[in-house]
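Mind docking chain B on chain A? Use the hints.
Listed below are the residues making up each chain.
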Amino acid sequence: MKSPTRLGGFKILKDVVWISLIQPKKNFIFPTAFSSFIAEEGINVPFMTCGEQNLAWGLNLVVEAGDAKKTSNLIEKKLGKINLSTAKGAILSIFPHRSKPEIIGTLLDVLGKLGGQPIAFANSPSAISAVLREDVVNEATNALFDPFEFGPYRTPADWKLAQKGKEKLYKEVIASYQEKKPKVYGLEWQDEQTLIHIKLDRVHLSKMGTALKHFAQLGLVLTFFISRPSKEKNKGNLFFCLPESNRHNYIGIIQELLPEASTIEDHSVATFSMNGPHFGDRYGIISELLTALNGVQVDLLGLSCSIHSITGVLPASQAQPAIRAIQGCFEVPSVIKKTTNQP
Amino acid sequence: MAQKYILVVDDDPDLVETVAMMLESKGFEVGRAYDGVEGEESIKERRPDLVILDIMMPRKDGYVLCAELKASEETRDIPVVLLTAVGEAVPTTSYTHADGMSTEADDYIAKPIDTEGLFEVVTGLI
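So the sequences go chain by chain: A and B.
Okay, so the first sequence: first residue is 57 according to the numbering used here, each after it adds one.
Okay, so the second sequence: first residue is 4 according to the numbering used here, each after it adds one.
Hints listed in this document are in silico derivations from the structure and should not be mistaken for laboratory results.
Residues from chain A that face chain B, not an exhaustive set, calculated with beta carbons under 7 Å:
#1 K67
#2 S182
#3 H364
#4 S390
Result set (DSS-like, lysine-lysine): computed pairs, CA atoms no more than 27 Å apart in a straight line:
#5 A:K394 / B:K29
#6 B:K29 / A:K393
#7 B:K29 / A:K237
#8 A:K394 / B:K7
From chain B, some residues computed to sit far from chain A (all C-beta separations above 10 Å):
#9 Y8
#10 D52
#11 V67
#12 E76
#13 D110
#14 E123
Here a beta-carbon is modelled for each residue, glycine too, at the ideal position from N, C-alpha and C.
The shape of chain A in the complex, shown without the other chains (with noise of 0.2 Å):
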């Protein structure tokens, strides 16, 4: 038997509520005009992803379950009456992942066999985040000590006992962060990568867990990594940045592995992640980037935001633009290109 895989720990917001929508791409306040409506109510986004594919924008956007109201009302003031998927739960974040795709392999197979879970997922530089269904919340927690081990946590009764009163801190924390022009710990950002869209039933979550595992065995890093809401029922999109040089056996591991999924390729696409103080619990710091990048013309393929991080995809040809735009309205004290394959 395979031993477990050694990780920092992971962490769980509970009362969230979890909303997904699809919009024509011809809607021309989708996506940065709206996120400026939520941080304009002072609503906190402490999950979002979002993805274009066949001309139409997919987003699971989370809020605190004391927002949701707010927010469904403001959808429809500004979008229209329209069909939102939405659902009360909590997000699960595992510490560290060092862009390792078996990290990512593993959690979906954990998460798979919990029936219909996750609802949707997104990896930042430093954490994978799952939204889950509230009523299979302790579930999760209890299969996570399967296959991985969390320092000195041996069992989930220890670690529920040592978050004990860690969310008051916690929130005090996220608080005292203030200022005008945010600051970001560091940009960084990765060239010569392909986006690749799957198309999948969402009980094949978990041979999209084994594909990853074996993209692991090819040394491949995972620069991106999100979820996206589809129209069909039990449907499900995957969005992943793989190096552009391995191209023919990554897509050789999909076709044998998922013969059934449709995929869409992107090539020469680049990633950047910004990582800053509490990114996921401060309104208006996705508006304010979308904002930017729509200032220079960039053409955004996808995004996500979780724990401190905003991740995006955009084509390599765009990226100086877009750094000197984040540059712009961020304060950045260091640009990182990294280089494929480096974690």
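The following block gives chain B in isolation, referenced to the frame of chain A:
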């Protein structure tokens, strides 16, 4: 100049990654440990140029690990910076344990961590 290696020890993985990102963005190499015992093992495996140490941790807290590092001839010259959180002890570099053992760190950083404050402390020690 050789890249300096800093070990961050905290049982909050989120905070470990935050501090690691801050330091890596300034060119430091960062090691991670998630409690005092892991931190101790990590220091034995590879000697860091500086240790950033949380106080409240399971198995072995930061005060005890710091006192042990400073009591050993092999590790006493490794700079230790304590991380103190809101609601924890008054920020200070020194602490006397109930059994009389004394902790004397080289500096401290209060949470929430300010990027510039962190670099100021770190670059002042290595």
